[in-house]
Amino acid sequence: MPGSRMSPDAMSGNGSARAPLLEVRDLCVSFPSAGRMIPIVEHVSFTLEEREILGLVGESGSGKSVTAMALMGLIDRPGVRITGSALFRGQELVGLAPRELRRLRGGQIAMIFQDPMTAFTPVYTIGWQIDEQIRAHERISRRQARARTVRLLGEMGVPDPVRTAGCYPHQLSGGLRQRAMIAMALSCNPVLLIADEPTTALDVTVQAQILELVRALRGRHGSSVLLITHDMGVVAETCDSTLVLYSGRVAETGPTGALFARPGHPYTAALLDSIPPLDGPRPERLPTIAGVPPAPLERPVGCAFGPRCRYVHERCRPAPPPLVPVGPGQAAACVLPTEGRPLPPRCPSPSTPQQGPA
Amino acid sequence: MMGALLRRLGQTVFVLFGISALVFMVFFATPGADPTARIAGRNASAQVMEKVRREYGFDRSLPVQYATMMKKLFITRDLASYVDRGELVVPEIARAAPVTASLVCGAAVIWVVASIIMGTLAAAMKDTWVDRGLMMLGLVGISMPVFWLGQVTNLVTQSRYHDTWLFSWVPGLGYVPFGESPLGWFRALVIPWIVLAVMFIGIYSRVLRADLVALSGEDFMRTARAKGLSPVRILLWHGVRMSMITFVSLFGLDFAQLVGGGALLTEVVFGLPGVGHLTYQALNNLDLPVIMACVMYSAVFVVIANAVVDVIHVFLDPRMRDAR
Amino acid sequence: MNADSSRMTQGTAVPLMEVRDLRKAYRLSRGQMLRAVDGVSLSVMPGEVLGLVGESGCGKSTLGRCLLRLMDVSSGRILFEGRDITSLNERAMRPLRQRMQMVFQDSYASLNPRRRIGDLLAEPLRVHPDADGHRRSAATITARLHELMELVSLPRAALERYAHEFSGGQRQRINIARALALSPRLVVADEPVSALDVSVQAQIVNLFVDLQARLGLTYVFVAHDLAVVRQISTRVAVMYLGAVVELGETDSVLHHPAHPYTAALTAAVPRPIVGGMRAIPLRGDIPSPVARPSGCRFHTRCPYAQDRCRVDEPVLRPVRQGHEVACHFPLDGSA
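Chains as they are written, first to last, in the numbering used here: chain V, 15 to 372; chain Y, 2 to 325; chain R, 1038 to 1372.
Quick caveat, the hints were computed from the structure, so don't treat them as lab data. Predicted model, so just to flag it, every value in this text is computed and none were measured. Built from N, CA and C at the ideal position, the CB exists for glycine as well. Hints are all accurate, no fakes.
Not the full set, but computed from the structure, chain V residues with beta-carbon under 7 Å of chain Y: (1) Leu88; (2) Arg119; (3) Gly120; (4) Gly121; (5) Met125; (6) Thr132; (7) Ala133; (8) Phe134; (9) Thr135; (10) Gln147; (11) Ala150; (12) His184.
Calculated Cβ distances over 12 Å to all of chain R for the following chain V residues: (13) Cys42; (14) Pro46; (15) Ser47; (16) Phe60; (17) Ala82; (18) Gly98; (19) Gly109; (20) Arg177; (21) His235; (22) Arg331; (23) Pro339; (24) Pro342; (25) Thr352; (26) Pro356.
Work out the full structure: start from the sequences and follow the hints.
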């Protein structure tokens, strides 16, 4: 069975000149409100390679979830405008016919959500809901579908999968529900898994189990993962590369190790500093970022982080700074590197806050 | 399970006691409603009044009177009307009940089917002219009083256009028992059914639409879309299925109060001798035994309907199964 | 009082708040009992910050509410300033309520959206008499409101606005201001920063620390985020299934845990460090508080569980100076 995981076009996709699995260029999403369009996501670009785990981090309102929903065609607000391009194995997702998009959703691209309590329909058993997804994409019998459901639940570490498949969502704990959710997402062998805050609603010991599971996916199922989270700790422990969003725009992107060690954008650095450390000496005060992120309609003309940035100066104000390379595979939307005064590397331990260039 | 059943039974008895005591008290505490004077007729002599009073037990204390009435209603079932002397109340209700049940059940089928179709269609086509049109129609249905609509249909089908091909099949006002002639039963009731259902179609379709629209923002609906299901399947199997939980609660209560005599106006307008009609007459005559019997009958249905709704809930919503 | 002395625990002082064998159980259907708080004894010294940590269902929030008598307890005793308040009625509690306040997680739900912030903050000042038993004058109240705004670093103009006009962090500042209006001695904060974004969370954590130093407050700080609790707490109580399993000085508990649960909990927190050691996650889920395991409540998930743990319930006993643990086989703490 595991051999049949890779569908034929996955093979061909692998063969053809190692194109990225997902290539997003200039994605913009705006919602209409009171007669004008509010930009929620602006010019977001990134690529996701086969078997890569990419972390999409940002605070609430940064547009990280909207980006994922837009890719999946799951935004159903009337009048929403999505522009740009998102090539999934060479197929354009933006503007794809609903019917085609539906075939991809749950099939080649699957999604798991934050709150496993509310993400299942309460009146059907877990098994029924997983069967439903399998049978929406493949012509197989109820019995075959259930067999696969039970096997997947078992693979996800659910004890007594046959009985669990017969349980209603409210009868399971949060951790089990999230495992069931992941089993459902994987039921049609997706090549891309979009996980939107998959552990935020879970307790920390259970979170550790689920993250372990997500990490294991690429080995066992060959899946790529787009992991959306606000937790820098989760990113550090899980993702190969990271994309930091601020106020609907990309602030910084790069390999996770490099980005955490040598953040190129003052926002990334400040965000890392403001996390209270669990190890090492305890700082008297936490370094903070003054103020709050701007509302979508109040975004400044220039760098969106400018008003909160300690390095803000004239060159930040006329227009949003473009992404400039700050290291191998790493780029930051900041003017500092172009001025020849990049941020200094952070100390290996986050407990001693970095003071930055004088 | 046994405990739940007993608890429910206890509740029923308690509700029945409360309602009957209330009706009884209201009846005797209402000034100018002395049943003796009513039964004895106008300008009756003191002797006649005294005789009537003794005959009906009005000279006994209130609790005794109450107990006697309850005994006659539930145990010996020989409670007689104060107004139509000798007319037994319980058989009277037993004759009226099938009429009301026929009327209400037929109407319920129509309103449930029609409102589910309308509500679902409106929710599926949200913010289009179909949605607006259907909801407008629902509003019109709610705003038309049932007695007015009944009179208008009567006017149209019974007199004005009765002789045209369209309405020549409509029988005169009144009821035909099903056992006598199923077709006659259907013909006599189909117009009352529709008239009674109109308002409920309006209410239920609007409630269902609102519920479905609210549900569409729920996480599990998003999951269903992320699974790649078709919009029709998402709407019916996830949306409507969940909405049925609230729908059933609403339906249970409305249905019960209609069967218990709430279809009074429809019955009166169409000359159907149902429980509502009976209640209407009894209220006109301040005929305590009949009023009492009708109210008790109605209360029994409301309580039973509540119990049935609870049972259906347990079937519809697995969360209820573990909650009890 | 400066920051250092206020953060120190006075060993001989009378506890500001003390609970003895506190229990809070809910009766469920079918005769089941949910033991939310299951025999907790601890004391809170004046000027200290006691962090209550644990995962969902461990009873930390329930305990926080019981402390302030926001809910009735099933058994046990609660002492505030040495006085037994366990069974005081609402009337007798009212004067005490001025000295103990609460800050909740949901900054929006705890503010009436239809009233100006100034009104909301003034209400307790109007209702409660001042220290001499007099009603406060309008001028006194206004002056106090300005003082409060300054304490939580909000502009005075905020008093004229409504809750929805503020961001989550600002609303939490308002909630803190309201809790401080009557100059309480004890503040119980229930997950006060967990709904906030990281960058805002740091501001509010700092505010809590500053206010404590400035006003000599005592906090009971309930949170699931160990890093936040560590930043603010003098001592930490780790709860699991309704009971305190480990209690002691913050860094002693978090850096040298003696209870396997605390060790697993601290190890499971994802650190924002790439390439760090990754802990082996605990197995299984937290058992339901309705069906609490026999013996040691943690034995079903404990990697070191032995036969004794299944039958014999461990009680809190000291392992080090100012550090107690409820475990038959405590870790040596070198972790």
